[in-house]
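J.: Below, each chain spelled out in residue letters.
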Amino acid sequence: MTIEKRRQFAGVPFTRRNFLQMIGTAGAVTGLTSFHLHAATPPASQRASHGTQTDALSKVGMNVNGEHRTLVVDSRTTLLDALRDHLQLTGTKKGCDHGQCGACTVHVNGRRVNACLTLAVMHEGDTVTTVEGLGRPGALHPMQQAFVDHDGYQCGYCTSGQIMSAVAVLKEPWPADDASLREAMSGNICRCGAYKNILAAIKQVKAS
Amino acid sequence: MQPFAYTRAQSIEEAMSAGAKASTAQQGAEVRYVAGGTTLIDLMKLDVEQPATVVDINHLPLGDIERLSDGGFSIGALVRNADLANHEAIRKSYPVLSQALLSGASGQLRNMATTSGNLLQRTRCVYFRDTQSPCNKRKPGSGCPALDGYHRNLAILGVSDQCIATNPSDMNVALSVLDAVVVVRGSAKDRHIPMAEFFLLPGNTPQRETPLEPGDLITHVLLPKPVPNSRSLYLKLRDRASYEFALASTAVVVALDNGHIASVAVAMGGVGTRPWRSAKAEQAMRGAMPGDDVFRKAADIFLADARPRAGNRFKVELARRCLMKAMRDACATT
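As you go down the protein sequences, you meet chains A and B in turn. Residue 148 in the working numbering sits at position 148 of the first sequence; the count goes up by one each step and never skips. Residue 1220 in the working numbering sits at position 220 of the second sequence; the count goes up by one each step and never skips.
Watch out, some of these pointers could steer you wrong.
[Stated by the list, open to error] Taking lysine to any residue pairs in the SDA-like style, the calculated list, with each CA pair at most 25 Å apart, reads:
#1 K1045/B / K206/A
#2 K171/A / E1244/B
#3 K59/A / H1059/B
#4 K1092/B / S58/A
#5 K203/A / K1045/B
#6 K59/A / R1067/B
#7 K171/A / E1030/B
#8 K1045/B / R191/A
#9 K59/A / D1064/B
#10 K59/A / I1090/B
#11 K59/A / K1092/B
#12 K1325/B / G133/A
#13 K1045/B / T1007/B
#14 K1092/B / R182/A
#15 K1045/B / S208/A
#16 K203/A / A1241/B
#17 K171/A / K1045/B
#18 K1092/B / K203/A
#19 K1045/B / Q100/A
#20 K206/A / L1120/B
#21 K1045/B / D85/A
#22 K1092/B / R111/A
#23 K171/A / D1064/B
#24 K59/A / N1086/B
#25 K1045/B / A179/A
#26 K59/A / H1087/B
[To be verified] On the chain A side, residues computed to face chain B include the following (Cβ under 7 Å):
#27 A56
#28 G66
#29 H98
#30 A184
[Said to hold, decoys possible] Cβ-Cβ distance ranges computed for the label pairs, FRET-style:
#31 A139/A / E1013/B: 44 to 52 Å
#32 R136/A / A1332/B: 38 to 46 Å
#33 G110/A / R1091/B: 18 to 26 Å
#34 E1066/B / P173/A: 48 to 56 Å
#35 E1013/B / S208/A: 49 to 57 Å
#36 N63/A / G1259/B: 58 to 66 Å
#37 L1068/B / N63/A: 34 to 42 Å
#38 D1148/B / P137/A: 51 to 59 Å
In short, the hints are calculated from the structure, not lab data. Here a beta-carbon is modelled for each residue, glycine too, at the ideal position from N, C-alpha and C.
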């Protein structure tokens, strides 16, 4: 982060995140960047008019990683977009945005859910935990450490979702065998195919 | 996603009166209830659903599973799929329901999805989900590209020339075999709708999927008491081992008496425009000795009216084998 902060682009400091937005506005939009830019809720000025209410802003308060946060969000904002774009908690990833990949997995009131398929306004008073709330450098959660120990990732994009899911799975009523653990984790897709190592990581934590 | 007004219902009456303002409770409803959101928000992102008002019903007191005095169970509309599947009494008394729920979706989705939401889960037909395509269910009269297009995952039973969309729910198949009853509170009158009447055939009105009217709110699902000495199971066949919709599935409840089939109920998923039952197929097995000859005959009767198309012709044989294996396994465990 400190290194990223020192970098400048046309006089504007940039991070890995706003770099994508910069090349997007510069016209060099790839399929990937275009997807990420357009998938988020557009600003009010760009919205199509529909029905009677076009600016449905709501205030919502929730506990995120042990801290009370109050947000003013468009009612369309998913919990995922609220975490990433409003609270800058970008550890939670947007993969498919349709509940099919598990990259957005977070805990709401202690249970794992797909943050992409739930609206932020539905979470008034809820307790939300993201991967940032699990551990931090130097004080990793045992599951984070186990993923490091077992190389439970390759590109890393699905990893925070895998870890959040894995932590929750160990509290759910699943049989102890490998097949059941794999079934329990089937909502988290890893296109690099690190499943074997992910399973090993989960088993390490389960055994400890 | 189109803009909408969000409200949180504080009471069942408040939810009903908000819902009653819509002109339909079917496709295109201006008011939608949101519970788990796993179907609705997905479809809103695709613009398949564009409600002007979304009513959050998560705070209504409909989250309990209760044993009834007659030995059955009442399941609140807001009971999450994971909680229903893992409920001790449900696991013990209705294994088919627990297994069906656990075979569907993923751990995350089952923590969100509710009983009433799963009942109203929408089809996975790719043309229904793509607003650039014609679809008689989404836009009546626009046509059905699935008839001659991609329909590997679509129905062979209960189809019409207008629509061959499959009901994708596993839970609904189990509720069908259990003869569950959907309790609906409505502005006109409250009613108890048996599963056999809850899903409408597409016919010429595929946009109409249930008997629900504006202002109706599903409050509970009632399970009749378990059939004495019965065994039940859910067998799901699909393209992946997990996290995939059924190509064919079978829910069975069977009771043997002295080596004969005393009572049997069979429902299939993945093959019908609604969860499919066949009274004649069940009748053909009743009183008989369990065995492949009987099961094959029942499967033939079950599938006699199948109208497969080029891309899902394999489903007739797949369904036959699915039904036979489910019966074989259920009878073997008795």
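J.: So which of the earlier hints does this model not fit?
T.: Violated hints: 1, 4, 5, 6, 7, 9, 10, 11, 12, 15, 17, 18, 20, 24, 25, 26, 28, 32 and 34; rest satisfied.
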